[in-house]
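4 protein chains.
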Amino acid sequence: MTQSDPVDYQRIIENVYAKVTSLEGKGQVAHYIPELQHVDATQFGVHLNTLDGSDFGVGSNQTKFSIQSISKVLLLTLAYKERGDTLWKRVGVEPSGTPFNSLVQLEHDCGIPRNPMINAGAIVICDILMSDLSDPKGEMLAFIREIAQNSKIDFNPKVIQSEKSVGYRNTALINLMRAFGNIENDIDQVLNLYFSLCSVEMTCQELSRTFLFLANDGIDPITKQRILSLSKSKRVNAIMQTCGFYDEAGEFTFRVGLPGKSGVGGGIVAVHPEHFAIAVWSPRLNKKGNSYKGMKFLELFTTQTGLSVF
Amino acid sequence: MTQSDPVDYQRIIENVYAKVTSLEGKGQVAHYIPELQHVDATQFGVHLNTLDGSDFGVGSNQTKFSIQSISKVLLLTLAYKERGDTLWKRVGVEPSGTPFNSLVQLEHDCGIPRNPMINAGAIVICDILMSDLSDPKGEMLAFIREIAQNSKIDFNPKVIQSEKSVGYRNTALINLMRAFGNIENDIDQVLNLYFSLCSVEMTCQELSRTFLFLANDGIDPITKQRILSLSKSKRVNAIMQTCGFYDEAGEFTFRVGLPGKSGVGGGIVAVHPEHFAIAVWSPRLNKKGNSYKGMKFLELFTTQTGLSVF
Amino acid sequence: MTQSDPVDYQRIIENVYAKVTSLEGKGQVAHYIPELQHVDATQFGVHLNTLDGSDFGVGSNQTKFSIQSISKVLLLTLAYKERGDTLWKRVGVEPSGTPFNSLVQLEHDCGIPRNPMINAGAIVICDILMSDLSDPKGEMLAFIREIAQNSKIDFNPKVIQSEKSVGYRNTALINLMRAFGNIENDIDQVLNLYFSLCSVEMTCQELSRTFLFLANDGIDPITKQRILSLSKSKRVNAIMQTCGFYDEAGEFTFRVGLPGKSGVGGGIVAVHPEHFAIAVWSPRLNKKGNSYKGMKFLELFTTQTGLSVF
Amino acid sequence: MTQSDPVDYQRIIENVYAKVTSLEGKGQVAHYIPELQHVDATQFGVHLNTLDGSDFGVGSNQTKFSIQSISKVLLLTLAYKERGDTLWKRVGVEPSGTPFNSLVQLEHDCGIPRNPMINAGAIVICDILMSDLSDPKGEMLAFIREIAQNSKIDFNPKVIQSEKSVGYRNTALINLMRAFGNIENDIDQVLNLYFSLCSVEMTCQELSRTFLFLANDGIDPITKQRILSLSKSKRVNAIMQTCGFYDEAGEFTFRVGLPGKSGVGGGIVAVHPEHFAIAVWSPRLNKKGNSYKGMKFLELFTTQTGLSVF
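Residue numbers (the working numbering), protein chains in the order written: chain A, 53 to 362; chain B, 53 to 362; chain C, 53 to 362; chain D, 53 to 362.
No lab work stands behind these hints, which were simulated from the structure alone. Careful, some of the hints might be misleading.
Identical copies carry no separate label here, and so any pair may be met within one copy or between two of them.
[Unchecked claim] Below 25 Å or equal to it, Euclidean Cα-Cα: the simulated SDA-like pairs (lysine to any residue) are:
1) Lys276 <-> Gln356
2) Lys216 <-> Lys339
3) Lys340 <-> Glu159
4) Lys141 <-> Pro58
So that you can see chain A by itself, here it is in the shape it has in the complex (with noise of 0.2 Å):
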């Protein structure tokens, strides 16, 4: 397509959404966050932003839900912002391989995540945020208020407290890095901060929203701030890329071909720079932990449409 035919966004994402919500009842609720396991496994919600201030959604696209992983890309903006370049000394930005090796490669890597995506790299993203900040939790949450324009974003208390409740794993890495000199502060406050933005909950319309800014270069289309410059914004979009799936980042590239990034609560954003931000939330994962009927709604769409940046 080129960008001077004007595409019926609302149309495609109803044809696309009708045929993937035949697709029910595959792939599984996550287990391992118990507060997670409450929700309506049913639903189905997506909405798309254009950068010219047009909005189109389908099904469950204003229910709140937790955005999890989402939030990586949020904590990696504000710190990038902050720091700059400084930031690659504390963790990398390249993609992880397979899920087993998660752990050696922290080791074999001396404690230095591979990219900000994956957790271990989140964790240290919010380290750096505490080394820099005087109220990091308040001020996180403050910007991401600003960049969705919406004072109504917050935590979920019970989610944190129900990841906190499991959150062995994660400890571990925090721990690790720390035995290696790459976490500065105290454990217990860096993985409160961690598991707050989590815990933070959006609709669909709310998410496509916030991440519009990546889709114009770092400049919000509607407020027009700018919000990282036009690099950084870039290359946050490249991290997602390659990095935005866990193990299924390659697969993400290959069948949808945008940057986006998925979270175990379901929901999955992705941008087309230049053209809009869509978020998609079901709440049933595949085997990989990304939701199933997102993947699929997301590969039929820009296959359908060509909309994809290769």
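Got chain A sorted already, so can you dock chains B, C and D onto it with the hints?
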């Protein structure tokens, strides 16, 4: 930038070329293939072809060099065209992570290479072509000449011989895959095809021209001939984006932001979909085995112009 | 040698001691536990106890030192006595191979440590004792005092504190095992038991005396009291033989040929079944974390006398 | 037991043999070497030779079988005799840990195999013998016949052929080591020597007799001829103890408590220094590739008699 602005590519590449030229002496010529060491290490060329048929060059852009691993993209193109998605039973689309686990991943994944851009994956692609074609080496060369629109492109028998004489690691890989049943043909013949393809020689100008179809959704923009379907073309680009630079794939995506592929001969090719293909060449390599000046050129080029997919 | 020859142990150990003393200054005192660095690094003691009640000593054989990982054998002894072979559902008996994969092995083996002589394995043993005993720390100390026939053996609270202050890697291990369900009790309490046992202090004379039952098929040869059954005693020795020296276990078996265990405090204890127990101590460690002089002493001692199990 | 008690070996082995015979049908004959599958899987033999020249047998103790990896001990014996401790620059003495990382360890350790009892290590030993001997295959056979005191021991050409036809993994190993410079001779010739040694056939009686020198500090107790020095003999036993059973070495040491070596033909040989050598054979293997009945027999035999080194 918007597509309506005419970009003064010649001025930009000359400007960036001048900056990068000053980085003389950094990096090392690939030492493990004896024949490749005879090259003049100071050479440095750049060539860019746009979809409208214009092309722009600077430096040693008309000197032949060994394209090495860049041929993996051409092998994939023909095999994907022939086999379609049945290919993915034999090879994956995920980045390979750190180099130290190439063999353990092959063991862990029961002989299925992570992607077609690493040696093991390209060897499987060669095995597939051996099974499908009556004269795989001849047909593969004919295919390259066709998409290059250049009947003089050829193998270099001395380089083939040189690669064979030190090909122990590739022999280890193919035998391990054969032990898992993922190689069907005679091992020596498959390796001969693989090494032959590595030895293909092109100039920057020829290489850039050859990859133009991947910047145009699978259609050669000059001859209007379709080489690959839209969807397959986008997916080959996606695989280059996540897997094209071994364990520096994330770094290249982060710094350059274009789908691309490098070879140990010092060549790098990249495409900007809807815009252009570009080839750079300089024999000295950085620690990850990618052209030192080539990487720097592309980083400055896309950072300065904003001409990346993100 | 045959058992009927009387061996002049005093002369032999003095002779070997003199040779090894000349190796002054090699190796490094353990640096990662702050409290252990205050020790005089030149100290070197040896003590040997035979089954018939004789004992022989040289050098600093009556100076207290931190037995550290040597206590893992005593933890195993009590747990094996209490639990019998049900123990092996929670921990293995295989050597751990290279150090770099301690964590990946724990992941690969779903939280089951390779053996009770590595940190992860001893932590699981502590967890088992926590579940079985009403006062695990007190009862474990009482057990050690009983087999040592010495009521003055004790923990060193400063060392406990020092280990806790830097115990990030052990905290990582226990959390990872907890994530796999292989830790049942409160993490802080289990680690407190573990660090307490590491802090136990003995002299060479006391340590050698304590291990005498393992040289006599599980019976203290002086008091005639059975500590462990014949079969269990042999199996504890077998585990020391294959797993007692981390990734230098093969080297120790190769050079010394006795079942033994080392600690980062610089102590090593070994037993020759049917013959004797021997303890050596010198704080400087080789690169693998085992006492430099202790290893040399035992190698020369068994090579010169042929007094090994092989 | 003490050495002055005469042990009624014949009664003991018959008694244990009877118990183990009832375990019919468990385990699987090695499937990956085609020629080994033709054997009658129910066969089960035991033979024990003491230092004083007595010997005791039961079952199929006079039937020839393929000794396979047991020959690794004989390769090591000759190479160690010839080269002494310079050997250890090319191969280590540490257990290999889990099977899944055999190749990654070889990569991590830059082509130096962990020990001479795994395939990679024995292949390096073959390479060393190739460099040292004018007729390595002939001289190696002559050496075996000499220590066996039996001129009829021979290779089985059909088994050599069968191993070659499926030797992809070994070809992978040798090529990887060659890539690291740890193989000096022609790959095909080294592998031919290696496969030839795997094909050697012996009966239990012959095998037990052959290993008697390792139970007697390196001297054949019958001919009084020295095969290896005292120190080297003890060290070969030490290597068998920690490395003789792949990733079940700890288990064998734990259950049986003797230095020993197994082969996928279903044979196991073990020695009790100062006492005896024993060979057992039964073709069905457990999951770790060691004879099911052989392991059980030796476990019951040493547990019942206390005849272990610990």
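Now the hints, each set against the structure:
Proximity of Lys276 and Gln356 under a CA criterion of 25 Å is satisfied inter-copy only: 22 Å between copies versus 31 Å inside one chain copy. In this homomeric assembly, Lys216 and Lys339 come within 25 Å of each other (Cα to Cα) only inside a single copy, at 23 Å, whereas the closest approach across copies is 38 Å. Both within a single protomer and between protomers do Lys340 and Glu159 lie at most 25 Å apart by alpha-carbon distance, with minima of 23 Å and 17 Å respectively. For the identical chains of this complex, Lys141 and Pro58 are neighbours neither inside a copy (44 Å) nor across copies (38 Å), given an alpha-carbon limit of 25 Å.
Going through the hint list in order, the structure does not satisfy hint 4, though it satisfies all others.
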